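Make the full structure from the sequences, and use the hints.
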Amino acid sequence: MRVDAEQSAADTHARLRRAGTSPDGAPDGGGPAGGGPLGGRGGGARGDREGHGRDAAAQDATAVFEQHRGVLMGVAYRMLGSVADAEDVVQDAWLRWQSAGRDGVREPRAYLVRVATRLAVDRLRAAQRRRETYVGPWLPEPLVTHAGTGPERGGTEPDAAQSVLAAESVSFALLVVMESLSPLERAVFVLREAFGFPYAEIAAALDRSEAAVRQLGGRARAHVAERRPRFDVDPEARRDLTERFLAAATRGDLAALMEMLAPDARLLGDGGGKAKAPMRAITTADKVGRFAEAIARRGLAARDFRLVEVNGGPALLATEQGVPTAVLQIDVAGGRIQSVYIVANPDKLTRLTP
Numbered sequence: 000m001r002v003d004a005e006q007s008a009a010d011t012h013a014r015l016r017r018a019g020t021s022p023d024g025a026p027d028g029g030g031p032a033g034g035g036p037l038g039g040r041g042g043g044a045r046g047d048r049e050g051h052g053r054d055a056a057a058q059d060a061t062a063v064f065e066q067h068r069g070v071l072m073g074v075a076y077r078m079l080g081s082v083a084d085a086e087d088v089v090q091d092a093w094l095r096w097q098s099a100g101r102d103g104v105r106e107p108r109a110y111l112v113r114v115a116t117r118l119a120v121d122r123l124r125a126a127q128r129r130r131e132t133y134v135g136p137w138l139p140e141p142l143v144t145h146a147g148t149g150p151e152r153g154g155t156e157p158d159a160a161q162s163v164l165a166a167e168s169v170s171f172a173l174l175v176v177m178e179s180l181s182p183l184e185r186a187v188f189v190l191r192e193a194f195g196f197p198y199a200e201i202a203a204a205l206d207r208s209e210a211a212v213r214q215l216g217g218r219a220r221a222h223v224a225e226r227r228p229r230f231d232v233d234p235e236a237r238r239d240l241t242e243r244f245l246a247a248a249t250r251g252d253l254a255a256l257m258e259m260l261a262p263d264a265r266l267l268g269d270g271g272g273k274a275k276a277p278m279r280a281i282t283t284a285d286k287v288g289r290f291a292e293a294i295a296r297r298g299l300a301a302r303d304f305r306l307v308e309v310n311g312g313p314a315l316l317a318t319e320q321g322v323p324t325a326v327l328q329i330d331v332a333g334g335r336i337q338s339v340y341i342v343a344n345p346d347k348l349t350r351l352t353p
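Once you know that position 85 of the sequence shown is 84 in numbering that gives the first Met the number 0, the rest is easy, because the numbers rise by one and skip nothing.
It should be emphasised that the hints constitute simulated quantities derived from the structure, not laboratory data. One or more of the hints may lead you astray.
[Said to hold, decoys possible] Now the in silico label distances, taken between C-beta atoms and shown as ranges: (1) Asp-87 to Arg-302: 49 to 55 Å; (2) Ala-221 to Ala-293: 37 to 43 Å; (3) Val-143 to Ala-255: 37 to 43 Å; (4) Ala-211 to Gln-58: 38 to 44 Å; (5) Gly-195 to Asp-303: 37 to 43 Å; (6) Pro-228 to Gly-103: 43 to 49 Å; (7) Ala-125 to Arg-229: 29 to 35 Å; (8) Ala-293 to Ala-125: 48 to 54 Å.
[Unchecked claim] Cross-link-like lysine to aspartate or glutamate pairs, in silico, EDC-like; alpha carbons within 20 Å at most: (9) Lys-286 to Glu-258; (10) Lys-273 to Glu-131; (11) Lys-273 to Glu-308; (12) Lys-275 to Asp-303; (13) Lys-286 to Glu-319; (14) Lys-273 to Glu-209; (15) Lys-275 to Asp-206; (16) Lys-286 to Asp-263; (17) Lys-275 to Asp-346; (18) Lys-275 to Glu-292.
Quick caveat, the model's predicted, so the values are computed rather than measured. By construction, the Cβ of each residue, glycine as well, lies at the ideal position given by its N, Cα and C atoms.
Have a look at this one:
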């Protein structure tokens with residue numbers, strides 16, 4: 000996979016190992032946050048010059064960071080599967096960037112990716128411990144995407160192949176599989192497979208030898224290849240089946256549902272103990288179809304639905320009185336529904352607007 004909607008392919012291979020400073024950054028006494036327009040020790044013209052210099056430095060630091068915000072968000076979300084946690088990582092990276100001795104940073108993008116990756120690894124370790132006691136299946140927080148892209152914004156429009164790869168790298172299916180990787184394996188997989196960084200640069204980002212990183216990457220690829228389902232990527236087919244699935248479930252048409260579902264279809268629901276959802280995966284077309292029919296009988300028709308774009312593909316956003324209550328997305332293989340994902344945990348729906 001090769002994804003980077005923020006900069007050109009040449010910039011994708013920014014030299015992480017030549018970032019120039021520690022990822023923690025040594026504090027810069029002048030810092031972008033220091034002083035007002037008359038900052039510095041003296042007043043008068045000298046004070047004005049120093050104050051304006053600090054203002055310019057702060058503006059430059061902000062401009063540089065904003066230029067790379069998209070790729071940082073992309074790395075963090077793929078690492079964590081949580082928009083909220085990814086935003087926290089980006090904010091922490093900004094704070095590090097503000098206090099860093101930036102004069103020694105020759106390649107800001109490389110430096111910032113290194114910082115964000117290490118922050119995401121630490122946060123993922125804590126998140127994995129919490130998820131051990133999560134109520135029911137855990138699914139990623141839905142991420143609003145556009146035209147099959149990931150969380151990166153800006154730059155040139157991706158071509159068709161890039162859009163497919165971008166969509167796959169933030170898909171529910173892949174993010175669920177990546178949950179079983181170790182934090183370091185996941186970091187290597189994301190940086191290498193989704194962003195195309197060379198192993199030498201990933202090694203510098205993770206403070207590991209290149210040989211160790213290659214080993215981590217090999218394990219991660221083998222694990223993902225063994226567990227990742229293969230799906231049709233045609234968004235129109237997914238959109239059509241999504242609408243037909245909703246219509247059949249709403250009218251309680253089990254026969255129509257069975258025609259759409261693959262024999263080994265599965266359904267995963269994430270309520271997080273805060274909304275009604277299956278406590279374990281539902282498997283086989285018959286059980287998935289009957290579950291969908293039962294939901295319809297319990298008032299599915301009372302909800303409003305509209306198609307949205309999340310995690311690189313079409314999905315249904317359900318609302319009640321204007322409040323998001325669930326996101327439903329399907330994966331399609333061989334023209335039939337292979338997987339159904341339902342995110343109903345209200346904590347994961349706060350960033351979705353009806």
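So, going through the hints one by one against the coordinates:
1. A C-beta distance of roughly 31 Å is found between Asp-87 and Arg-302, which places it outside the suggested range of 49 to 55 Å.
2. Separation of Ala-221 from Ala-293 is about 39 Å and conforms to the stated range, judged on CB atoms against 37 to 43 Å.
3. Between Val-143 and Ala-255, the C-beta spacing of about 30 Å breaks the proposed range 37 to 43 Å.
4. Here the CB-CB span from Ala-211 to Gln-58 is close to 40 Å, well matched to the stated 38 to 44 Å.
5. For the pair Gly-195 and Asp-303, the supplied restraint of 37 to 43 Å holds, since their beta-carbon distance comes to about 41 Å.
6. Evaluation of the 43 to 49 Å hint for Pro-228 and Gly-103 yields a pass: the beta carbon distance comes to about 46 Å.
7. Between Ala-125 and Arg-229 the C-beta distance comes to about 32 Å, which sits within the given range of 29 to 35 Å.
8. One distance hint, 48 to 54 Å for the beta-carbon pair Ala-293 and Ala-125, is violated here, with the actual separation near 37 Å.
9. Distance check on the hinted pair: Lys-286 and Glu-258 sit about 13 Å apart at the alpha-carbon level, within 20 Å; holds.
10. Only pairs whose Cα atoms come within 20 Å are accepted, and Lys-273 paired with Glu-131 is accepted, the gap being roughly 17 Å.
11. This hinted pair does not check out: Lys-273 and Glu-308 have alpha carbons roughly 24 Å apart, beyond 20 Å.
12. Distance hint between Lys-275 and Asp-303 is fulfilled; the C-alpha atoms sit about 18 Å from each other, no more than 20 Å.
13. The hinted pair formed by Lys-286 and Glu-319 fails the criterion: a straight-line CA distance of about 26 Å is larger than 20 Å.
14. With a CA separation close to 44 Å, the supplied pair Lys-273 and Glu-209 exceeds the 20 Å bound.
15. With a C-alpha separation of about 43 Å, the suggested pair Lys-275 and Asp-206 falls outside the 20 Å cut-off, and the hint is violated.
16. With a CA separation close to 10 Å, the supplied pair Lys-286 and Asp-263 stays within the 20 Å bound.
17. Restraint check for Lys-275 and Asp-346: the C-alpha separation of about 13 Å stays at or below 20 Å, so the hint holds.
18. Taken as a hint, the Lys-275 and Glu-292 pair is honoured in the structure, with Cα atoms around 15 Å apart against an allowance of 20 Å.
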